[in-house]
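Colleague: Take the sequences, apply the hints, and build the full model.
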Amino acid sequence: MLTVESLKKSYDEAPGRAARRKKRDTTRTYAVGGVDFEVNDGELFTLLGPSGCGKTTTLRSIAGLERPTEGKVALGGRVLFDSAQDVNLRPNQRGFGMVFQSYAIWPHMTVAKNVSFPLEVMPRAKRPSRQEIDHQVAEVLESVELGAYAQRSATKLSGGQQQRLALARALVTRPELMLLDEPLSNLDAKLRETMRFELKRLQRELNLTAIYVTHDQAEALVMSSRIAVMNEGRVEQIGKPREIYTRPATRFVAEFIGTSNFLEGKVVAVNGGEVEVDTPHGRLVAADPPRKPVVGDPVLLSIRPECVDLSRERRGLPNEWTGTVRTRAFLGDVVDHIVQIGDTEIRNRSNPTLSIPPGTEVHFSVTPDKVTLVPVG
Amino acid sequence: MRSRTPIFAAAALLSAGALSGCGGALPNAAAGGKENAVYAEIAALPKEKQREKARELAKDEGGTFTLYTSMTADIATPVAKAFEKDTGIHVTVFRGNSETVLQRTLQESQARRAGADAVETNFREMVALSDNKLLAAFHGSALDKVEKTGKFATWTATRLNIFHPAWNTRLIKPGEEPTSWEDLADPRYKGRITLEVSDSDWFENVTHYWLERGKSEAEIDQLWKKIVANSKVAKGHTTMMQFLTSGQTPMEAMNYTYITTRSAASGAPVTFLPKSGKSTVPAFPRPNGVGMLKSAQHPASAWLFYDWMLTEGQKELVGLHLTPSTKVPGDKSLDGLTLVPFDVKGLSHDQGTWDRKYDALLRGVDTVGK
Amino acid sequence: MALISASRKDPAAPSQDPPPPSRPGLLTRLRRKRLSAQTLLVGGAVIVVGYLAVVPLGYLIHDTFLDADGSGVSLDAFSRAYGGNSQSGDMLLNSLWFALGSAALALILGTTLAYIQVRTDTPFKSLFFAASLVPLIVPGILYSTSWIFLGDPQSGLLNALLFKPLTGTSPVNIYSVWGMIWVQGLHLSPVAFLLMVAAFRAMDPSLEESAAMSGASRLTVLRRITVPLVRPALISAALLMFVQSLESFEVPALLGLQNGIYVFTSRIYFVLRSYPTDYGAAGAYAIGLLLIAAAGVLLSSWLQRSSRNFQTVTGKAFRPRPVELGRARPVVGVAVIVYFLITVVLPVAVLVYASLLKYYAAPSAETLSSLTFDNYRQVFDMPLAFTALKNSLILGLGAATVVMLLTAVVSWVVLRTKARGRRLLDLLAFTPIVIPGLVLGLALAFVYLRMPLPIYGTLLILLVSYCTRYLPYGMRYSSAAMAQMAPELEESAAVSGASWFQTFRRVLLPLMSSGILAGWVYILVVSFRELSSTILLYSPGKEVLSVLIWEQFENGQFTTLAALGVCMVLLLVVLVALAYRLGARFGLQGQADSSN
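Residue numbers (the UniProt record's numbering), protein chains in the order written: chain A, 1 to 377; chain B, 1 to 370; chain C, 1 to 596.
If you are wondering where the hints come from, they were derived from the structure by calculation, not from laboratory data.
Just so it is clear, the structure is predicted and the values come from calculations on it, not from any experiment.
Hints should not be assumed to be uniformly reliable.
[Stated by the list, open to error] Estimated spans, in silico, between C-beta atoms of each pair:
{"no.": "1", "chain 1": "B", "residue 1": "Ser-180", "chain 2": "C", "residue 2": "Pro-363", "range": "54 to 60 angstroms"}
{"no.": "2", "chain 1": "C", "residue 1": "Pro-363", "chain 2": "B", "residue 2": "Asn-132", "range": "46 to 52 angstroms"}
{"no.": "3", "chain 1": "B", "residue 1": "Gly-277", "chain 2": "C", "residue 2": "Gly-168", "range": "39 to 45 angstroms"}
[As the list claims (entries may be wrong)] Every beta carbon over 10 angstroms from chain B, so not counted as near; a handful from chain C, in silico:
{"no.": "4", "residue": "Ala-130"}
{"no.": "5", "residue": "Arg-224"}
{"no.": "6", "residue": "Trp-302"}
{"no.": "7", "residue": "Val-331"}
{"no.": "8", "residue": "Val-334"}
{"no.": "9", "residue": "Ile-337"}
{"no.": "10", "residue": "Val-402"}
{"no.": "11", "residue": "Ile-535"}
{"no.": "12", "residue": "Glu-554"}
[What the hints assert, rightly or not] Pairs of lysine-lysine residues, derived as DSSO-like cross-links and limited to a Cα-Cα distance of at most 27 angstroms, are as follows:
{"no.": "13", "chain 1": "A", "residue 1": "Lys-8", "chain 2": "C", "residue 2": "Lys-418"}
{"no.": "14", "chain 1": "B", "residue 1": "Lys-190", "chain 2": "B", "residue 2": "Lys-278"}
{"no.": "15", "chain 1": "C", "residue 1": "Lys-358", "chain 2": "B", "residue 2": "Lys-81"}
{"no.": "16", "chain 1": "B", "residue 1": "Lys-133", "chain 2": "B", "residue 2": "Lys-47"}
{"no.": "17", "chain 1": "C", "residue 1": "Lys-358", "chain 2": "B", "residue 2": "Lys-275"}
{"no.": "18", "chain 1": "C", "residue 1": "Lys-358", "chain 2": "B", "residue 2": "Lys-235"}
{"no.": "19", "chain 1": "C", "residue 1": "Lys-125", "chain 2": "A", "residue 2": "Lys-72"}
{"no.": "20", "chain 1": "B", "residue 1": "Lys-315", "chain 2": "B", "residue 2": "Lys-47"}
{"no.": "21", "chain 1": "C", "residue 1": "Lys-358", "chain 2": "B", "residue 2": "Lys-332"}
{"no.": "22", "chain 1": "B", "residue 1": "Lys-332", "chain 2": "B", "residue 2": "Lys-173"}
{"no.": "23", "chain 1": "C", "residue 1": "Lys-390", "chain 2": "B", "residue 2": "Lys-81"}
{"no.": "24", "chain 1": "C", "residue 1": "Lys-358", "chain 2": "B", "residue 2": "Lys-173"}
{"no.": "25", "chain 1": "A", "residue 1": "Lys-156", "chain 2": "C", "residue 2": "Lys-125"}
{"no.": "26", "chain 1": "B", "residue 1": "Lys-85", "chain 2": "C", "residue 2": "Lys-125"}
{"no.": "27", "chain 1": "B", "residue 1": "Lys-173", "chain 2": "B", "residue 2": "Lys-225"}
{"no.": "28", "chain 1": "C", "residue 1": "Lys-418", "chain 2": "B", "residue 2": "Lys-173"}
{"no.": "29", "chain 1": "C", "residue 1": "Lys-542", "chain 2": "B", "residue 2": "Lys-59"}
{"no.": "30", "chain 1": "A", "residue 1": "Lys-292", "chain 2": "A", "residue 2": "Lys-240"}
{"no.": "31", "chain 1": "B", "residue 1": "Lys-232", "chain 2": "B", "residue 2": "Lys-81"}
{"no.": "32", "chain 1": "B", "residue 1": "Lys-315", "chain 2": "B", "residue 2": "Lys-53"}
{"no.": "33", "chain 1": "C", "residue 1": "Lys-542", "chain 2": "B", "residue 2": "Lys-81"}
{"no.": "34", "chain 1": "B", "residue 1": "Lys-190", "chain 2": "C", "residue 2": "Lys-358"}
{"no.": "35", "chain 1": "B", "residue 1": "Lys-232", "chain 2": "C", "residue 2": "Lys-164"}
Glycine included, C-beta positions come from ideal geometry on N, C-alpha and C.
Modeller: Below, the structure written as C-alpha cells:
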C-alpha cells in the first residue's frame with residue numbers, strides 16, 4: 001500500500017538563497033501544494049486533472065524523479081521519501097515500473113534488450129540467471145504480443161507496438177507499483193480505446209497496483225478503481241469513478257467530469273437525510289449529501305443532464321420545475337434539450353425517443369438523490 | 001537524483017591549492033646557485049690531466065647526460081652520435097628553438113629541478129643563461145684553440161652562424177647579386193626579398209656597421225625603410241630556405257650561410273656567393289656556444305662534452321657544412337666571404353630593445369623611445 | 001494477449017519480497033553511503049575538469065596582473081601590450097575578421113556537407129569521410145605550406161598551371177586575409193562537419209516531413225524547420241570555430257606575416273620569443289582573447305536562450321529516411337567531388353608530390369623524372385620514429401578517452417542537474433580554448449615543475465596538456481549530444497532499477513555515442529598534430545610525432561616532412577576508420593546505416 005502524505009513541490013529557489021538575494025520574505029508557488037492519498041494493493045489509482053494540475057509532478061515525485069519540497073511517500077512500511085527525516089530513495093532503489101508518455105524506448109537497443117534491461121541492472125544478489133532473464137523477457141513480450149519482434153531494433157516498431165514495449169519493460173520485474181504517465185495519449189483514438197481495456201485486463205489479471213496519470217476523464221472513468229481529481233496542485237476529490245461522477249465534491253470536479261447544471265442556493269432546512277435548498281427559481285431537495293450542511297449555508301447544487309427528467313405534463317414529482325425548451329440537439333444515441341427557467345439554462349439529456357420542439361413549455365424534475373450539494377468555499 | 005553539490009566551491013579551493021601549494025623545493029634537484037664540486041675537482045688539476053679525470057668521473061655518473069640544444073635534428077643527431085662514439089657517453093638530446101631552450105632551462109632552474117647538464121644554443125640565449133649565473137666556468141686546454149672573440153665568461157663559441165644574403169640562382173642572374181647590405185634597398189629588388197621576422201640581431205649588426213662607417217641615423221632609417229618596402233616577411237630560416245629552393249621567393253635578405261650550403265649540397269639552386277666566388281657583402285659571424293650548468297647532475301660528462309665540442313667536435317661540424325669556432329683543416333665555409341666582427345657588445349644586454357625596434361620596422365610603425 | 005504465466009505470482013519472486021522494515025536511522029545512513037559512489041564519480045569528474053581549466057587560467061591571471069616585483073596588482077602589462085605603437089586596433093580587426101570569416105566558411109561548408117551526407121541520397125557518400133577527416137589530420141604547418149605552394153601569387157601552382165594559361169592573370173593570392181580565411185576555413189570545416197553530422201543524425205526526419213506535408217517547399221523546410229532544430233549545435237559549432245581561429249597560430253604565421261597581417265597570436269609569439277620575456281604582455285594578449293571568447297559565449301547563450309526544448313532524440317523511434325535529391329542528384333554529386341578535390345586531393349597531392357622529391361620545385365619534366373622514395377626510407381630510418389609513433393598513439397588515445405569520459409559526465413552535470421555553479425563550470429571548461437598553446441605550455445611547466453609528483457618530464461604532462469587543450473572541444477561534442485537527448489530515456493532507466501552508473505554506461509553513453517565518437521576522433525586526430533605546447537613540455541626520450549614533424553620543418557627538409565605527413569595521414573585514416581567500425585557496433589542503429 002502506497003501512502004502519500006502532504007506532498008509539496010515548489011520549483012522556486014531554496015528559501016534561504018532567494019531571501020538573501022531579494023532581501024524580502026518570499027511566498028513560494030507550489031506545483032503540488034500538499035497532496036495526500038493512499039493507494040491500496042491491486043488498485044488502479046488514477047490522478048486526473050487538466051494539464052498543469054500537478055498530477056505528473058506528483059507521479060514523478062513518487063517515482064523519485066523529482067525531489068519534493070515537503071511531505072512523505074511510503075510503500076508499505078518502507079519510507080521512500082520523507083522531508084522530515086531527510087530520506088530520499090533514488091528511483092532505482094524504489095523498485096517501480098514506469099511507462100512514460102513518450103515511451104522512452106531506448107533506440108540503441110533491440111526490443112528484447114529494452115525489456116531485459118531492468119532485470120540486468122538488478123543488484124547481483126537478486127539478479128536472475130541469464131536463462132531466467134531470457135525466459136522472463138520472452139514471457140512478458142508474449143503477453144504484450146511482441147514475441148515475434150524480440151530481435152528487432154526498437155526503433156523499427158510502430159507507435160502501438162512501442163507503447164506495448166514500454167509496458168512490457170515496466171512489467172518485467174513484477175514491480176510492487178506501476179506508474180503510468182499518460183501512456184495512451186500518443187495513440188490514435190481507436191487504438192487508445194482498445195488499449196484501455198487491455199491495460200485494465202492486464203492490471204486485473206496480474207493483480208497490479210498502479211498509479212495512472214491522465215487528463216482524459218473518459219479513460220479515467222473506464223479504467224480506474226479509484227480516481228483522485230487534481231486541480232492547481234491539490235486533490236479536489238478522491239473516490240470511485242461512479243462516486244466522482246455522481247457526487248462531485250467540488251464545482252471543479254463537477255465541471256471537469258462530464259457536464260453539469262449548477263444552481264446557487266441557501267440551505268433552509270435539514271430533515272434527517274434530506275436537505276432543502278432555496279434557489280432563485282424555487283426550492284430543491286437533495287438527499288444524502290456526504291457532508292451535512294447547517295441551515296443558512298450557501299451551497300451549490302449540481303445536477304447531471306441525464307438526471308433531469310423531462311416531461312410535457314406536470315407529474316407532481318419532488319423537485320419539479322417548469323420552463324421553456326430553448327434548443328434541441330440530436331446526438332445519435334442521445335438527445336439534448338436546453339430548458340430555460342428565468343435567466344438560467346438547464347441541460348437535459350434523454351433517450352432519443354423524446355423530442356420536444358423549442359418553444360414548448362415543459363416540466364422537469366430531479367430525484368433528490370441525484371441532486372449533489374457542492375460546498376461553496 | 002539531482003546533485004546539489006556546489007561545484008564551484010570545490011573548483012575554487014582546488015585552484016588555490018594548485019597555485020599556492022607548489023612552492024617547495026624538490027629533493028632530487030641540485031642547488032642552482034652553488035658551484036659544483038666536480039667542476040672544482042677537475043679544474044684543480046693540471047690542464048693535461050683534466051680530460052683523463054673527467055672521463056673517469058663521467059663513468060661513475062652512469063655514462064649518460066642531457067643536452068639542451070637548438071641545433072636542428074639533422075645536426076644534433078650526428079654530433080651526439082660522434083660524441084658517443086668517441087667517449088662512450090650517451091647524449092640525451094632535447095631540441096627546441098633557442099628561445100625554448102632558454103625558457104626551459106630558466107624555468108627548470110627556478111624550480112630547482114634538475115634538467116640539462118649542458119646547453120648548446122645561440123648567442124643571445126647563451127648570454128642570458130650566463131647573466132642568470134646558471135653556467136659554470138670552463139678552464140680546460142681546449143680553450144687555447146678558440147679565438148679571443150669566441151670566449152665568454154662562462155661559455156665558449158662552438159660554431160659561427162654567418163649572416164649573409166642568399167638567393168635562387170635561377171631567379172637572380174649573375175650580375176644581379178647584391179654586393180653590399182645597402183644594395184638590398186635598391187629598387188631592382190622590389191618585391192623579391194624576404195626578411196625573417198626574428199632577425200633583430202642581424203638588424204642590429206647591420207645598423208651598427210653602418211653607424212661605424214659614418215652613416216647618419218637618418219640615412220640608416222631611410223635605407224631600412226627602403227629595404228622593408230622591397231620585402232615580404234617570413235618566419236623561420238629553414239622555412240624561408242624551402243621557399244627559396246622552390247622558387248617561391250627569389251632572394252633572402254639574410255640567411256645563415258650553412259643553411260644555404262646544406263641546401264645547395266642536396267642539389268637546390270641556391271647560393272650566397274656570386275659567380276665570381278667572392279662576396280663583398282660584410283658577413284657577420286654570430287657565435288653560438290656551449291655551456292655547462294652549475295646544477296648539472298652529470299657534471300663530468302658535461303665538462304667532457306664542452307671539451308669535445310671545442311676539439312674533435314669541431315671536425316664533425318665541418319663535415320656538416322657548419323662553420324667551426326676554431327681553425328679546422330679542410331673548413332671551406334668561410335671561403336669567399338668578407339668577415340666583419342659581430343657586435344657582441346650591442347646585443348649582450350639590450351633587454352629586448354632591438355627586438356622591439358625590428359618588429360616596429362617590419363610593421364612600419366615608429367619606434368618609441370629608441 | 002496471452003496471460004503472463006503463473007510463475008509471475010510466485011511468492012518467491014524477487015519483487016514480492018517483503019519490504020525491508022523501516023529503520024530510518026541506520027538504513028538511510030547505509031543508503032547515503034551507496035549514494036556516495038555516484039557523488040564520487042561525478043564530483044571527481046567535476047573537480048578534474050575544474051582543475052584542468054583553472055591551472056592555466058590562474059597562471060595567466062597571476063602573470064598578467066601582478067607587478068613586476070610581485071608586490072601588487074597592476075595593469076601595466078596591458079599598456080605594454082596594447083599601448084604605444086602596438087597597432088592593437090589593426091590587430092583586433094584582423095583577428096576578428098580572420099576568425100569570423102574562417103568560422104563562417106567552415107560552418108557553411110561543414111553543415112552543408114553534413115546535411116547532404118546524413119539526410120540525402122547523395123552519390124559518393126564514402127568520399128565525405130575522407131573529405132571530412134583528411135584536412136583535420138594534416139598538421140597546420142603542412143596544410144598551410146601546401147596552400148602556399150598552390151596559391152602563391154607568383155609561382156603558386158593554381159596561378160601557374162590553371163589561371164595563367166586560361167585567363168592570363170594570377171588572381172590567387174594566399175597571403176591575404178582572404179587567403180588566410182580560405183585555408184583556415186577549409187582546415188576547420190571537418191570540425192563543423194563532425195559536429196553537425198551528429199546533430200543531423202539525432203534529428204527525427206518526421207519533423208521535416210510533417211513540415212513538407214504542411215505544404216512547405218524543400219527550401220522552406222530547411223529554413224524554418226531543419227536549421228532551427230539544429231540551431232543549438234550550429235551555434236555551438238560556430239562559437240567553437242570562431243574561438244579556435246582566434247587561437248590558431250600556423251595560418252597567421254605562415255600566411256599573414258608575409259604582408260604584415262598581425263593577429264593576437266602572432267603578437268604573443270613575438271612577445272614570448274624575445275628575452276627578457278614579457279610574460280605579462282603575453283598574458284595581457286591572452287586575456288584579450290579570453291574576453292573576446294567570453295563575449296562569444298554570452299552571445300551564443302543569448303542566441304540559444306529559446307532552444308532549451310529542442311530535444312530531438314526522444315524515446316520515440318524514427319527511421320532515418322534520406323531526402324531524395326531527384327534531379328539535383330548529379331549537381332550535388334559534382335559539388336561533392338569539387339569540394340573533395342579542393343580540400344583533400346589538392347593539398348594531399350602536393351604533399352605526395354613533394355614527398356617524392358629531393359628538394360621541392362614546381363612540377364616539370366625534370367622533377368617528374370627524378371622522383372624517389374628516399375624520403376620514405378629516411379622516415380623509417382629515423383631513430384625516433386618508433387618511439388614517437390608509440391607515444392603519439394598513447395597520448396592520442398589517452399587524451400581522447402579521458403576527455404570524452406570526463407566531458408560526458410560533466411555535460412550531464414551541466415545540463416541535467418540543478419547543481420549550483422554548473423554554468424560557471426561550463427564556462428570554465430571552455431576557457432582553455434583561448435589560452436594559446438605556448439602560454440599553456442609555460443603555465444603547465446611552471447606548475448608541474450613545482451609539484452612533487454612525477455608528472456614533469458614524463459608523458460603525463462603532455463597528457464595533462466592535451467586534456468586541457470581539448471577539454472572545450474570535448475565539452476561541445478558531449479553537451480551537444482546530451483542536449484539532444486530527452487531526459488525520459490535516462491529517467492526510464494533509473495525507474496527500471498538501474499543505478500546512476502548503470503544508466504550512464506548503458507543508456508547515456510550509447511545514446512550519446514555518435515557525438516562522443518565524433519569528439520573522440522577529433523581529439524585523437526588533433527592530439528597527433530598538437531605542437532605549440534608539446535614543444536615546451538616534451539622531454540628527451542618522450543618525443544611525439546608532432547615533434548618529429550617540427551624537427552623536419554626546422555631542418556628545412558620539407559620533402560622528408562611531406563613523407564612523414566603522408567605516413568601520418570595514412571595511419572590516422574586507418575585508425576579513424578577502425579574507430580568508426582567499432583563505434584557503429586555499440587552506437588545508434590541508424591548510424592551504421594548512414595555511415596557507409
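Colleague: Against this structure, judge whether each hint is valid.
Modeller: Now the hints, each set against the structure:
The hinted range of 54 to 60 angstroms is not satisfied by B/Ser-180 and C/Pro-363, whose Cβ atoms lie roughly 37 angstroms apart. A beta carbon spacing of about 51 angstroms between C/Pro-363 and B/Asn-132 agrees with the range 46 to 52 angstroms that was offered as a hint. Evaluation of the 39 to 45 angstroms hint for B/Gly-277 and C/Gly-168 yields a pass: the beta carbon distance comes to about 40 angstroms. Separation of C/Ala-130 from chain B is adequate, the least Cβ-Cβ distance of about 27 angstroms exceeding the 10 angstroms criterion.
Distance to chain B confirms C/Arg-224 as a non-interface residue, since its nearest Cβ pair spans about 35 angstroms, more than 10 angstroms. With a least CB separation of 22 angstroms from chain B, C/Trp-302 remains clear of the 10 angstroms interface cut-off, as annotated. The Cβ of C/Val-331 sits about 37 angstroms from the closest Cβ of chain B, beyond the 10 angstroms cut-off, so the non-interface label holds. Taking the minimum C-beta to C-beta distance to chain B, about 32 angstroms, the non-interface status of C/Val-334 holds against the 10 angstroms cut.
Consistency note on C/Ile-337: stated as away from chain B, and its beta-carbon is indeed over 10 angstroms from all of that chain's, at 29 angstroms minimum. For C/Val-402, the shortest C-beta to C-beta distance to chain B comes to about 18 angstroms, beyond the 10 angstroms cut-off, and the non-interface label holds. A Cβ of chain B approaches the Cβ of C/Ile-535 within 10 angstroms, the least distance being about 6 angstroms, so the stated non-interface status is violated. The claim that C/Glu-554 lies off the interface is violated: its Cβ sits roughly 5 angstroms from the closest Cβ of chain B, which falls inside the 10 angstroms cut-off.
With a CA separation close to 18 angstroms, the supplied pair A/Lys-8 and C/Lys-418 stays within the 27 angstroms bound. About 24 angstroms separates the Cα atoms of B/Lys-190 and B/Lys-278, which keeps this hinted pair within 27 angstroms; it holds. Only pairs whose Cα atoms come within 27 angstroms are accepted, and C/Lys-358 paired with B/Lys-81 is accepted, the gap being roughly 25 angstroms. Of the supplied pair hints, the one linking B/Lys-133 and B/Lys-47 holds, its CA atoms being roughly 24 angstroms apart against a limit of 27 angstroms.
Distance hint between C/Lys-358 and B/Lys-275 is fulfilled; the C-alpha atoms sit about 24 angstroms from each other, no more than 27 angstroms. Straight-line distance between C-alpha atoms of C/Lys-358 and B/Lys-235 comes to about 23 angstroms, which keeps the hinted pair within the 27 angstroms bound. Distance restraint check for C/Lys-125 and A/Lys-72: the Cα-Cα separation of roughly 57 angstroms exceeds the 27 angstroms cut-off, and the hinted pair is therefore not satisfied. Taken as a hint, the B/Lys-315 and B/Lys-47 pair is honoured in the structure, with Cα atoms around 22 angstroms apart against an allowance of 27 angstroms.
With a CA separation close to 24 angstroms, the supplied pair C/Lys-358 and B/Lys-332 stays within the 27 angstroms bound. For a cut-off of 27 angstroms, the pair hint linking B/Lys-332 to B/Lys-173 stands: about 24 angstroms separates their Cα positions. At roughly 23 angstroms between alpha-carbon atoms, C/Lys-390 and B/Lys-81 fall within 27 angstroms of each other, so this suggested pair holds. A threshold of 27 angstroms between alpha carbons decides the hint, and for C/Lys-358 with B/Lys-173 the separation of about 23 angstroms falls inside it, so the pair holds.
At roughly 24 angstroms between alpha-carbon atoms, A/Lys-156 and C/Lys-125 fall within 27 angstroms of each other, so this suggested pair holds. The hinted pair formed by B/Lys-85 and C/Lys-125 fails the criterion: a straight-line CA distance of about 56 angstroms is larger than 27 angstroms. Distance restraint check for B/Lys-173 and B/Lys-225: the Cα-Cα separation of roughly 25 angstroms lies within the 27 angstroms cut-off, and the hinted pair is therefore satisfied. Restraint check: the Cα-Cα separation between C/Lys-418 and B/Lys-173 comes to about 74 angstroms, which exceeds 27 angstroms; the hinted pair is violated.
Distance check on the hinted pair: C/Lys-542 and B/Lys-59 sit about 25 angstroms apart at the alpha-carbon level, within 27 angstroms; holds. Among the hinted pairs, A/Lys-292 with A/Lys-240 is consistent with the structure: their alpha-carbon atoms are about 20 angstroms apart, no more than 27 angstroms. The suggested pairing of B/Lys-232 with B/Lys-81 is violated, with an alpha-carbon distance near 39 angstroms, which exceeds 27 angstroms. The straight-line distance between the Cα atoms of B/Lys-315 and B/Lys-53 is roughly 24 angstroms, inside the 27 angstroms bound, and the hint therefore holds.
For a cut-off of 27 angstroms, the pair hint linking C/Lys-542 to B/Lys-81 stands: about 19 angstroms separates their Cα positions. Of the supplied pair hints, the one linking B/Lys-190 and C/Lys-358 is violated, its CA atoms being roughly 30 angstroms apart against a limit of 27 angstroms. The suggested pairing of B/Lys-232 with C/Lys-164 holds, with an alpha-carbon distance near 23 angstroms, which does not exceed 27 angstroms.
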